[in-house]
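Student: One letter stands for each residue in the lines below.
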Amino acid sequence: METIKTLDITFNDLNWKIEYSPERCTMCGSCVAVCSFQAIEAGVERHSKTVSTARQPEPVQQHKAVPVIKQVNGLANACVGCGMCEKVCPNRAIKPVRNENTRAGVLGRSGGTPIKRGGRNNLIKDNTLDKIVVGRISQMTDPSLDAERHTFDILAPFGRVLTPGELPFSTAGGELKLNSSTPPVNWIYPLIFSDMSVGALSTRAWEAICIATAYLNEKHNMPIRMCSGEGGMPVQLMKSEYLKYSIIQIASGHFGWNRIVKALPDMKVDPAGILIKIGQGAKPGDGGLLPAAKVAEHIQAIRGVPKADLLSPPNHQGLYSIEESVQKMHLSLNAAFKFRVPVAIKCSASATSVSVYNNLLRDPYKICGGNEVSLDHTGHPVVSKVRDCYQAAVKQGRQGQIPLWAGGGIGLTGNAAADAFKMICLGANGVFISKLLIQLCGCVGNEHGRCNACNTGKCPTGICSQDHRLVRRLDVDKAAQNIVEYMLAFDMELRKLMAPIGNSSLPVGRSDALVTTDKAMADKLSIQYAC
Amino acid sequence: MCRIGAIKSKVPFHPSQALRLMLPQQEGHDNSGFAMVMQDLDGVFAGYKDKPLLSLACTAHGAKLAEEYMKAQNFVRDFEWVPKIDRRPGLDIKAMPLYMFRCYDYPEEYQNVSWQEKEELLLDTRLALRRLLEKDDQGYVFSFWPDVLTLKEIGDPSDIATYFRLWDDNGELMAKNVVTQCRQNTNYDIVRYAAHPFFIQGYTLCANGENTFYTKNTEYQRSLHRGYNGFESDSQNFLYTLHYVLHELKWPIKYFKHVITPLPFSEIEKRPDNKELTAIRQSLAHLEINGPNTIIAMLPDGRMMTCCDSKKLRPVVIGGDETTKAIASEVCGLNVVLPNRNPELDVYPNEREVVVITPELEVQRWKQ
Ligand code: SF4
Ligand code: SF4
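Residue numbers (the working numbering), protein chains in the order written: chain A, 1 to 531; chain B, 1001 to 1368.
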């Protein structure tokens, strides 16, 4: 017997156990090679075997040393359940299984460090949006439209919208004339490829999303915009025509901002917008962290930093109030782009999102663009938060002035169009998707603790790693194609949802189209209860 | 669904004409009510055209409350016309005990103020009376405006006409403009306030179809103006939008259509006025309508306007001769009131068109 102490960590303490059939295994080694976590290794075990080698059955029991694939004991190399070994095994000899008696939650804090995880929340038990259905279907009196035949106006504003009374109009000869310019507003597709930074994503994943964005714009006339993360942008992209499809994010880390500023004179086109991140649900408390392991050479170049853990603080240091940050944005970003580019704020869904939103609605500078509420682990679920923001605007008669963009959980169960449609009926102008994109690039993670190792640099699908051996696993063209195809289906599904309620333009705030079978949800969201 | 119609004439006519316009379209309404707004009055009201006229249906107690309120506000009653009711049994009407149409002199302190101030006073008075009578269902105030009379009731339109003796063309009740509606109540409770035409500060409007953006429109309009209230019908939204665009924003009339049924972005882009149209579309996104609707509106200056939704899901037709023009949901109505017109000149506006009948009976059409 191997000497084992009860306090030793073995694989049955971990979240995932490897189920392995030595009789199927031919020891090809594919699984060991593919496992980026070194969670399995080749080894030898002494097995009791019944063998019969003669012509007639003459079974004898023998003890034999056999080569096997073994799970590595220990937290550092814990299996994350990504299933790559299962995927590559030609003989179906190996697969990870969830260990319901896992002790990893308790043991994982060894060394005095908190548990780190990727971008996925492991707490989501059920999906709010799935409990809402479109209850309003046209009858005789309000005919439905035809999703294939009618034209639909599927666009959403990104930028600050003035109240009708504030429009600088003069009248002459029965015509209205705009006398001076108004804040820039871009009408774009109501779905933005969300801000995932260079650094967090691999170059190939970024490339795939960029290609898909350009393709959808140029071949399919879908004005989709892609938002950079806070990690700056490749200079090449900033100097290219494709910048017009990009929204540049700036956050508390100000990564790459000096490069953006330096690239300004060489920009051929304006970006589609600027997004200032003042909060993000996915990175509560500490702010974001890009571990040193992922700060490869090209990331150092893009961000303008040395190889080190890169922290984006949870707040903008030096800005102590929303009013102040509004002023700062006013001065720097609008001026930088000569007031041609809408500037938006991204905040996390939290107890204070409505206050932030109210501040933007009332701000005297009239410069803020959109407002995105994003959520992951901490803070409020995004659905009711967006609804609260919309209703705060309704109370002041200012709905639509600061367009609301909802991010977090859209497309979680694969049905992004239905989710987006419901969010729009609840008051959002559009949605952000991110995890869905990486799923289309092949991410195998889920909200139930599968993989979620995006922070380790060992992403088994090459999506969020800077290790070129792993990055090579990602087929850029196929990933881009997956995104394009999903978006084409999304667009058709959105029409198919708009058609039966008889609307050819987006039903922003048309909450009467929704019903829910959950009474508490009906009350909270002020939508109809049905049973 | 409702059927809507309007008649505009150079010579005053009797409301029985409006009924004759509407009754042939009976297949399209369910006999659940009749309503009309008359403007540019003649007959018994000919001498009181500049005096605000209160159109009221109420109980005896309601009448007393209204009377006391008007007195307290220093309005002085100048003239009253009470319809002679035909109470024969068997009529399908849910009548109120009293109907009265009263012309008032402005309060002393308002005699010499600007028209703008008078407009606000009249609106506030109507809203106050409405609130006062709403309690315990004591009555309904449909309009309070010079030279405008409103009658609304629940029941079979021809029985309602019999009840108010609207068939007897005795010269008492006459007007040059009438906007009218027979309703089919598919969506909401049958309440008097839900019957169009609706009226606010000289603007009258009726609509048919369903306003699928009712919730959006309503939520936005509630905070736009104190007079935008009630919302008993999804057609009120159109009136408030009309009033907001023309009266509050003071935009030229053609922009109303751009607000309710904005052009698709792809079309806006190609137009020389794309900056203005984009600004309008984005700032007034919540006043857009996006369902099947036709509207008929009457403006304070007596112009009538009609247009329909952006897919022309509800039709409307305009026809007439030198002295009279009429608008109706269905042409069979026109055939009855204007049998001798040249039907080849009838106008069936398309989804982007607006038709206006001027006080001189000129028919103006333009594309949005
Ligand atoms: S499931 Fe993934 S992490 Fe676990 S052993 Fe297989 S390849 Fe390695
Ligand atoms: S992105 Fe990579 S590391 Fe993160 S969950 Fe997906 S497959 Fe795993």
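Hints may be right or wrong, so weigh each one.
The calculated lysine to aspartate or glutamate pairs, modelled on EDC-like cross-linking and capped at a C-alpha distance of 20 angstroms, are [to be verified]:
(1) B:Lys-1071 to B:Asp-1042
(2) B:Lys-1250 to A:Glu-175
(3) A:Lys-177 to B:Glu-1276
(4) B:Lys-1275 to A:Asp-270
Just so you know, these hints were derived from the structure itself, not from any lab.
Computed from a predicted structure; not experimentally measured.
Student: Hint by hint, say whether it matches the structure.
Tutor: Tested hints:
| no. | hint | result |
| --- | --- | --- |
| 1 | B:Lys-1071 to B:Asp-1042 | violated, 27 angstroms |
| 2 | B:Lys-1250 to A:Glu-175 | holds, 11 angstroms |
| 3 | A:Lys-177 to B:Glu-1276 | holds, 6 angstroms |
| 4 | B:Lys-1275 to A:Asp-270 | holds, 19 angstroms |
Checked against the numbered hints above, the structure breaks only hint 1 and satisfies the rest.
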